[in-house]
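J.: Okay, here's what each chain looks like letter by letter:
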Amino acid sequence: MSLGTFADSRSLTLGVELELQIVGTHDYDLSPSAKDLLRLMAKRKIPGAVTPEMTDSMIELCTGVCNNHGEVLAQLKEIRDALVDSADRLNVGLCGGGTHPFQDWSQRRIFNRPRFQQLSELYGYLSKQFTIFGQHVHIGCPGPDQALVLLHGMSRFIPHLIALSASSPFVQGTDTGFHSARLNSVFAFPLSGRAPFVTTWDDFKAFFDKMTRTGVVESMKDFYWDIRPKPEYGTIEVRVLDTPLTIEKAAALAGYIQCLARWLRIERPFEPAEDDYLPYTFNRFQACRFGLDGVFVDPKTGEHRTLREDILVTLGALEIHAMELQAEEAIRTIRMEVARDGNDATWIRATHERERLLNEVVRQQCLRWAGRHG
Amino acid sequence: MLAEMAGYLQIDPWPPAPDLLFWGALMLVGGGLLGEAVFRRLGLPRIVGYSAAGMAVALAGQGLDAGRLAGGVRLVVDLALALLLFELGSRVNLRWLRANPALLWTSAAESLASFVAIFVALRWLGQPVNVALTLATMLVAASAAVVGRVASELRSAGQVTERMIVLTALNTLYAVLLHKLVTGWLHLDEAGNWIQGITQPVYTFVGSVALAIALAKLVAWVARRLELRDENSVLLLLGLVVLALTTAQLFNLSTLLVPLMAGVMLRNTTERPWVWPRHFGTAGGVLVLMLFVIVGAAWSVEAVMLGAGAAALVLAARAAAKALAVVGLARWSGIETRQGLALALALTPISGTALVLLADLHRSHPDFALGIAPIVLSAIAFMELLGPIAVQWGLRLAGETQPRHRPAAAPAPGGTV
Chain Z
2 MSLGTFADSR SLTLGVELEL QIVGTHDYDL SPSAKDLLRL MAKRKIPGAV
52 TPEMTDSMIE LCTGVCNNHG EVLAQLKEIR DALVDSADRL NVGLCGGGTH
102 PFQDWSQRRI FNRPRFQQLS ELYGYLSKQF TIFGQHVHIG CPGPDQALVL
152 LHGMSRFIPH LIALSASSPF VQGTDTGFHS ARLNSVFAFP LSGRAPFVTT
202 WDDFKAFFDK MTRTGVVESM KDFYWDIRPK PEYGTIEVRV LDTPLTIEKA
252 AALAGYIQCL ARWLRIERPF EPAEDDYLPY TFNRFQACRF GLDGVFVDPK
302 TGEHRTLRED ILVTLGALEI HAMELQAEEA IRTIRMEVAR DGNDATWIRA
352 THERERLLNE VVRQQCLRWA GRHG
Chain P
34 MLAEMAGYLQ IDPWPPAPDL LFWGALMLVG GGLLGEAVFR RLGLPRIVGY
84 SAAGMAVALA GQGLDAGRLA GGVRLVVDLA LALLLFELGS RVNLRWLRAN
134 PALLWTSAAE SLASFVAIFV ALRWLGQPVN VALTLATMLV AASAAVVGRV
184 ASELRSAGQV TERMIVLTAL NTLYAVLLHK LVTGWLHLDE AGNWIQGITQ
234 PVYTFVGSVA LAIALAKLVA WVARRLELRD ENSVLLLLGL VVLALTTAQL
284 FNLSTLLVPL MAGVMLRNTT ERPWVWPRHF GTAGGVLVLM LFVIVGAAWS
334 VEAVMLGAGA AALVLAARAA AKALAVVGLA RWSGIETRQG LALALALTPI
384 SGTALVLLAD LHRSHPDFAL GIAPIVLSAI AFMELLGPIA VQWGLRLAGE
434 TQPRHRPAAA PAPGGTV
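So the protein sequences, as listed, match chains Z and P. So the first sequence is numbered by the numbering used here: it starts at 2 and just counts up by one. So the second sequence is numbered by the numbering used here: it starts at 34 and just counts up by one.
Simulated from the structure, these hints should not be mistaken for laboratory data. Hints are not guaranteed to be accurate.
In silico contact screen, one side only, chain Z against chain P (beta carbon under 10 Å); selected entries [as the list claims (entries may be wrong)]: (1) Leu31; (2) Asp37; (3) Arg40; (4) Leu358.
Straight line, CA to CA, 25 Å or less: simulated DMTMM-like cross-link-like pairs of lysine to aspartate or glutamate [unchecked claim]: (5) Lys231(Z) / Glu18(Z); (6) Lys222(Z) / Glu61(Z); (7) Lys250(P) / Glu356(Z); (8) Lys46(Z) / Glu369(P); (9) Lys250(P) / Asp28(Z); (10) Lys231(Z) / Glu272(Z); (11) Lys44(Z) / Glu369(P).
Predicted model, so just to flag it, every value in this text is computed and none were measured. Idealized CB from N, CA, C, for every residue including glycine.
Starting from the given sequences, assemble the full structure and let the hints guide the process.
T.: As structure tokens, then:
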């Protein structure tokens with residue numbers, strides 16, 4: 002399969018994909034109800050789409066192409082409301098969170114679709130451990146070269162996005178100590194990590210052809226990179242975010258990414274270089290493990306500061322772009338988060354501390370997702 | 034010679050006269066072994082083996098006498114059913130019925146159609162109205178014991194499993210209420226005592242609800258303070274259910290309604306999810322095993338000779354009625370026809386509930402009970418083995434059991450967690 006051509010898309014347009022958990026309302030364990038939910042959703046008119054995912058207790062929703070944060074939030078709300086209504090009819094709950102806190106992966110069933118069954122054959126238990134839930138954000142790029150430059154510029158901020166979105170502290174019933182344990186599962190895949198440092202589409206094509214010749218990959222889908230180009234849409238796709246607990250947070254993160262993209266494109270605050278990736282895995286680990294309190298090593302200066310500090314500095318630089326993009330609300334939400342809880346992982350831990358029952362934590366996650374919390 | 038030696042060894046009496054405990058233990062071992070064999074070799078639910086052990090006892094002529102439940106046996110049946118009903122009730126989310134009214138209609142249609150089908154079939158066979166009416170109330174409900182047990186054993190999850198549980202809880206509720214009304218009417222019919230005919234069902238209902246509320250409140254109170262997954266607190270929970278049950282017996286309330294409604298109330302008056310080990314741990318597991326052996330032993334050859342024909346017709350009519358109602362409303366309620374069929378299949382079992390209603394009838398209307406016993410016992414005998422298998426088929430048809438479920442690697446029993 003060839004790489005195909007890079008589709009046209011309007012610069013800085015937005016698209017959001019969210020993978021969601023489907024849980025039973027009896028014990029709040031994952032419930033294999035994707036098929037039933039999809040059947041009910043088929044009768045609904047919604048923007049974007051709802052599609053099956055790897056195992057039958059997850060579901061993915063995506064918005065259409067949006068221009069700004071407000072549109073993303075409006076579309077997410079419409080899809081969310083339709084989904085929650087359908088879920089109510091089936092007596093199941095829906096929630097965000099990068100992992101289900103106590104599900105037993107050996108109990109998961111792979112959704113019956115050829116691609117999923119193939120992946121399951123290949124990856125074995127990894128594919129069931131892959132019962133993790135992420136948010137993907139697409140940013141429209143005017144051309145493939147610009148897309149690659151943006152991709153490498155955005156890489157500096159991957160730790161920001163991990164720390165802000167982290168919502169997976171628990172796995173298999175235990176506190177992992179991580180803010181985003183979900184990403185540990187992603188890193189287990191052979192083709193995860195970062196894209197090679199090439200800044201033109203021709204070089205990227207050459208890389209892709211070499212990879213396909215080895216037989217290791219067939220299509221872009223086989224790369225589980227943190228950010229990858231999506232030629233069919235003409236976008237780059239940021240894939241490190243845990244699914245947040247609320248649509249408001251999901252929309253705010255999309256808005257933050259859009260502002261970053263505009264800043265990088267218009268002001269070019271730094272020149273991307275291969276050496277930027279030297280502290281990359283260190284920074285990423287810090288963000289996964291410690292969230293906003295993690296150490297961030299500035300790739301250009303080698304300075305150490307906390308992620309919280311680096312985010313606050315970045316937010317300052319984004320103000321003007323937020324105004325241009327009508328994303329002030331998004332930036333305000335992020336600012337408040339950084340000042341308060343920090344991220345959803347902290348909320349989940351605090352709730353567990355209070356309730357001492359992970360089933361109850363998931364129930365409250367469902368309330369937050371449905372927008373029914375106080 | 035032997036007797037002398039026995040005397041010398043102070044074995045008294047001689048020959049040995051094993052008591053109830055001995056038979057009970059033997060039943061436990063036999064049922065347990067047969068259950069395991071059936072599960073591993075044939076891939077069937079273990080309760081098929083438990084029931085088969087009971088049926089063998091009955092075949093040897095040692096079964097229950099016309100479905101009467103005497104002393105200790107009645108206690109075991111009541112306790113085990115109470116646990117299963119409480120578990121089942123605690124999974125009924127009434128909010129679901131509001132969000133999906135088609136499900137409530139399915140419940141009403143399924144129960145009403147079964148009731149009418151059984152009544153009409155019996156009338157067609159020439160049974161008098163009071164017999165047909167009483168039998169219809171006793172056989173309308175699906176077996177909470179079989180449904181609850183098979184679902185947890187197969188670790189099934191999904192729409193059919195959830196709906197099977199809710200519909201069973203609801204039709205058990207209707208059946209018990211209707212049964213009380215009809216037995217009240219029997220008073221009216223036989224003794225002409227209309228005050229008793231009305232006040233008794235009302236007393237049973239109101240009293241049972243009051244006791245159920247008390248139980249639900251106590252359980253919620255305990256659960257807020259203790260960790261329910263802990264073995265000790267589960268014993269406390271078990272104790273509460275048993276206490277409520279014995280209280281129900283003392284005041285002649287319904288031993289079926291109290292635990293079922295307590296479960297429903299617990300689920301619907303508190304937000305916090307309820308998780309405890311399946312059947313309240315090992316103690317409950319033992320009771321459940323014994324329940325199925327006892328119900329399996331309920332039939333007798335004479336009863337089946339008398340009632341088999343009528344029971345077969347009634348069961349066929351009942352199954353058809355349930356299928357018609359459930360499949361007919363499947364799409365409207367949000368499931369596929371195939372799932373509807375699976376659900377109808379899963380609602381066919383008859384077991385402990387019917388036996389307890391018969392035993393109650395033996396106490397209140399002995400002669401009348403004796404007359405209808407053959408049909409009830411035949412129906413139980415038929416469905417005792419077929420019921421669990423039907424539930425298993427249904428859940429498999431719906432694709433809700435674990436794929437490649439290998440008994441050798443079966444996870445540790447218990448635990449919704």
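J.: Of the hints given before, which are not true for this structure?
T.: none
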